[in-house]
Amino acid sequence: MVEGGFQEFVAAYVLEAEEHLETATNQLLSIETALRSGGANLKGLREAFRSLHTIKGLSAMVGVEPVVSIAHRMETLLRSCDRRSAKLPIESIDVLLGGLRAIRSRVRAFGEGKPVPLPEPELLRALDELDDEHGADSAEIPPLELEPALASKLGALEVEQLRAGLAEGQRAVRVDFNPSVEKSARGVTINQVRERVQQLGELVKVFPTSKPPSGEQPGGLAFVIVLLTRAPDAAVAEAASVEPDSVQLLASPPSREALLASKQRALGEFDANNPANEEIAAPQRGVVRVEVSRLDETVDGLSALIVTRFRLSRAVRALRDKGIDTRELEEIVGDNGRQLRNLRAAILRVRMVPVSELLDRIPLIVRSLKRSMNRLVELDLDSGGTEVDKAVAERLFPAVVHLIRNAVDHAIETPDERVRRGKPQEGSIRVECSNRSNRWLEMRITDDGRGIDAEAVARRGGVPVPATSAGLLALICRSGLSTRDVATTTSGRGMGMEIVERIVTQQLGGELSLSTEFGKGTTFTLLVPLTITVVDAFSFISGGQRFVTPVATIDEIVELDRSTLQGPTLSGKSAVKLMARRGRPVPVLSLAEVFRMPAPENEAKALIVRSGDEIVAFSIDRMLGQQEIVVRPLNDSLVKVPGVSGATDLGDGKPTLVLDLISLGSRLGERGGLHA
Amino acid sequence: MKELLVVDDSKVMRDMVVACLRGISDARFTQAASGLEAIERLSLGRFDLVVLDLNMPDISGIEVLEFVRSQDNLKALPIVVVTTRGDEASRASALAAGATLFMTKPFTPEAIVAEAQRLLGAGA
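From first to last, the protein sequence lines are chains A and B. Count along the first sequence from 1, then add 7; that gives the number in the working numbering. Count along the second sequence from 1, then add 286; that gives the number in the working numbering.
If you're looking for bench data, these hints aren't it; they were derived computationally from the structure. This structure is a prediction, so every number in the text was calculated from the model and none was measured. Positions of the beta carbon are idealized from the N, C-alpha and C atoms, including for glycine. There's no promise every hint is true.
Calculated cross-link-like contacts (lysine to aspartate or glutamate; reagent style EDC-like; alpha-carbon spacing at most 16 Å) [as the list claims (entries may be wrong)]:
(1) A:K218 / B:D358
(2) A:K212 / B:E349
(3) A:K50 / B:D358
(4) B:K288 / A:D543
(5) A:K212 / B:D344
(6) B:K297 / A:E119
(7) A:K160 / B:D344
(8) A:K160 / B:D358
(9) A:K661 / A:E119
(10) B:K297 / A:E15
(11) A:K160 / B:E349
(12) B:K297 / A:E635
(13) B:K297 / A:D543
Part of the chain B face toward chain A, derived, beta carbon under 7 Å [what the hints assert, rightly or not]:
(14) M287
(15) V298
(16) E326
(17) S329
(18) L330
(19) N341
(20) D344
(21) I345
(22) S346
(23) F353
(24) G372
(25) M389
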């Protein structure tokens with residue numbers, strides 16, 4: 008039962024809670040990695056705490072009390088460590104991950120309208136006990152020399168982050184952003200600046216200061232941004248929309264690391280400490296850096312053009328039907344169509360980024376892992392000159408990182424063990440990419456580590472040994488089993504395999520496969536589409552089924568007042584009702600009936616769609632929410648239904664149809680079905 | 287026209303708060319997705335009431351309060367702080383930092399509308 012009339016927020020609640028659960032899971036796993044190597048990852052602790060706190064607050068609002076009480080106990084533990092900048096006790100990770108699973112299953116039950124079980128007493132007890140015991144060590148963070156005004160704003164976790172960043176060879180810089188009404192009108196806001204600056208490195212802290220007016224300088228608000236970066240000052244200044252000389256260096260990497268940094272420079276990375284490199288760092292000739300949001304605007308504009316073209320060809324057809332000579336018009340419309348297709352292809356090409364940009368980020372990750380895990384690893388990265396859409400790259404990267412991490416953490420043996428097994432001391436991880444047809448990218452990640460012990464994995468999962476590698480993959484991707492057991496006890500892998508699988512198959516609509524030989528090594532093959540379409544969509548229920556439709560195609564969502572509906576009048580077989588909208592009668596079609604599904608009597612909402620001059624209202628059961636979806640085309644011609652533009656996955660692994668109500672409305676209009 | 291600023295990094299929570307406050311007539315809502323954005327908006331525009339979450343990235347609600355109260359023109363601005371069970375300690379710091387009022391989740395639309403109207407009336 009939803010309290011306080013928040014029914015309409017249930018779907019959005021479930022989605023946001025799932026996001027925070029994923030963040031918390033990832034942070035806990037990375038905290039565990041840090042703890043094992045003697046670190047603390049205070050930033051991860053803070054993030055995990057914040058996610059749980061948000062889940063708790065949202066759950067309290069929609070009235071899911073069992074989730075509130077689990078999240079409250081978990082949060083209390085994290086909060087007390089965060090407050091004291093203390094390390095999380097390592098034995099708490101298991102319990103906390105169990106808590107996240109308990110929350111996830113309850114959030115899902117709530118979303119599906121099922122009863123939400125009370126928390127397991129064992130879980131609450133385990134969490135309470137941890138909270139009593141947490142006299143854990145304080146993380147020892149040595150101080151960092153900084154100007155006092157700044158130092159007072161940085162807590163232990165920021166200092167820890169700065170230290171780690173400097174040790175990795177990054178520079179710490181400060182840049183100040185002064186907001187103004189005029190900048191804000193141009194879209195230059197602190198949110199945008201923060202976003203852009205973050206892309207250049209690691210954001211450490213942003214805080215406001217207020218400057219008194221001095222001389223000709225007006226006083227006012229300034230945001231101080233502290234950033235760890237390898238980018239030159241000019242790039243940081245550009246991102247923050249300020250003058251280049253207003254970027255201040257706070258701290259440089261220690262000299263031993265500077266040596267390493269110079270090696271990286273030889274490999275093509277920036278080190279902006281050296282002014283000579285500022286030139287190298289300057290934008291390449293003929294290359295423009297564009298924000299993805301601007302590209303999205305061009306795609307939106309293109310979609311609008313395509314809709315207009317659709318209306319144009321309909322109007323031409325109508326003229327022809329009246330016996331008017333439209334040959335010249337049809338020729339123009341034909342040219343227009345070809346030009347639009349070319350434009351679409353050109354825009355899609357602009358959105359492509361080289362896969363090598365993704366791969367370039369891997370050595371750094373492996374370097375810090377190798378050190379902490381005592382492994383020798385040689386990386387062999389080959390992008391094969393491939394490119395993927397920016398949106399695909401952004402989603403794919405976390406999956407690749409997970410797989411590489413697993414390979415270093417769990418697959419590659421220690422140097423001693425490798426020698427005993429007759430392998431070279433240095434393990435090898437190879438990433439190879441190639442295009443499969445012109446629509447797919449294939450990425451193979453191969454290690455020569457210990458391979459996956461199928462028997463041990465099956466034993467842990469309490470199931471028979473899988474007969475095929477697909478079966479083994481399904482088993483290690485199984486939620487619960489995957490997060491830790493496999494990784495730690497069977498020398499296989501498993502950390503986050505559930506997440507990897509979800510990214511590749513659900514978010515990207517691709518395929519994940521596995522081939523492994525016990526003792527010899529493992530290859531994961533990721534097959535992902537080169538481009539995906541992401542649109543903002545409404546989700547709703549009609550005829551008991553869930554559908555989504557792009558927000559841009561809906562004119563308005565209205566309450567359907569049964570008492571003011573006119574009709575039904577019978578025209579042929581279909582009964583068309585009319586509603587009044589701004590003094591004009593609008594035909595109301597039950598979407599369920601259009602798709603020949605049983606339509607409930609109490610359809611409460613209607614989606615108003617305009618197709619040309621015609622306005623149609625599709626009545627539906629109820630709205631669920633609004634979210635970004637990845638549209639996948641339906642390739643199977645058997646399921647090609649007019650009005651259905653593709654399918655998407657809303658996160659439950661089941662396909663949901665994406666409806667194109669504009670073309671559905673116009674088709675029904677052409678058949679005369681709309682006229683009473 | 288009363289100008290209300292709703293600050294929370296959770297979009298669902300912002301939408302729920304706005305839905306709760308729909309009962310206030312003649313009000314316009316602005317949403318801020320972070321404490322930084324809230325400070326920017328407060329320094330660039332005029333607002334009659336702020337509904338503020340405590341738990342946000344970069345800077346917390348407490349830091350927002352501290353900064354806002356250090357500005358001469360914002361000392362009297364009514365700020366309703368939204369908290370959850372377990373926030374008792376933060377509530378004390380928020381009070382010290384200048385919070386006008388606390389609402390604890392879950393709250394009802396009636397409750398927050400009544401308080402908001404009282405604060406808006408007092409400020410007018």
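Status of each hint after checking the structure:
no.: 1; hint: A:K218 / B:D358; in the structure: 13 Å, holds
no.: 2; hint: A:K212 / B:E349; in the structure: 13 Å, holds
no.: 3; hint: A:K50 / B:D358; in the structure: 34 Å, violated
no.: 4; hint: B:K288 / A:D543; in the structure: 31 Å, violated
no.: 5; hint: A:K212 / B:D344; in the structure: 6 Å, holds
no.: 6; hint: B:K297 / A:E119; in the structure: 21 Å, violated
no.: 7; hint: A:K160 / B:D344; in the structure: 11 Å, holds
no.: 8; hint: A:K160 / B:D358; in the structure: 22 Å, violated
no.: 9; hint: A:K661 / A:E119; in the structure: 14 Å, holds
no.: 10; hint: B:K297 / A:E15; in the structure: 14 Å, holds
no.: 11; hint: A:K160 / B:E349; in the structure: 10 Å, holds
no.: 12; hint: B:K297 / A:E635; in the structure: 13 Å, holds
no.: 13; hint: B:K297 / A:D543; in the structure: 15 Å, holds
no.: 14; hint: M287; in the structure: 19 Å, violated
no.: 15; hint: V298; in the structure: 5 Å, holds
no.: 16; hint: E326; in the structure: 5 Å, holds
no.: 17; hint: S329; in the structure: 4 Å, holds
no.: 18; hint: L330; in the structure: 5 Å, holds
no.: 19; hint: N341; in the structure: 5 Å, holds
no.: 20; hint: D344; in the structure: 5 Å, holds
no.: 21; hint: I345; in the structure: 6 Å, holds
no.: 22; hint: S346; in the structure: 9 Å, violated
no.: 23; hint: F353; in the structure: 5 Å, holds
no.: 24; hint: G372; in the structure: 5 Å, holds
no.: 25; hint: M389; in the structure: 11 Å, violated
Of the hints listed earlier, those the structure fails to meet are numbers 3, 4, 6, 8, 14, 22, 25, in rising order.
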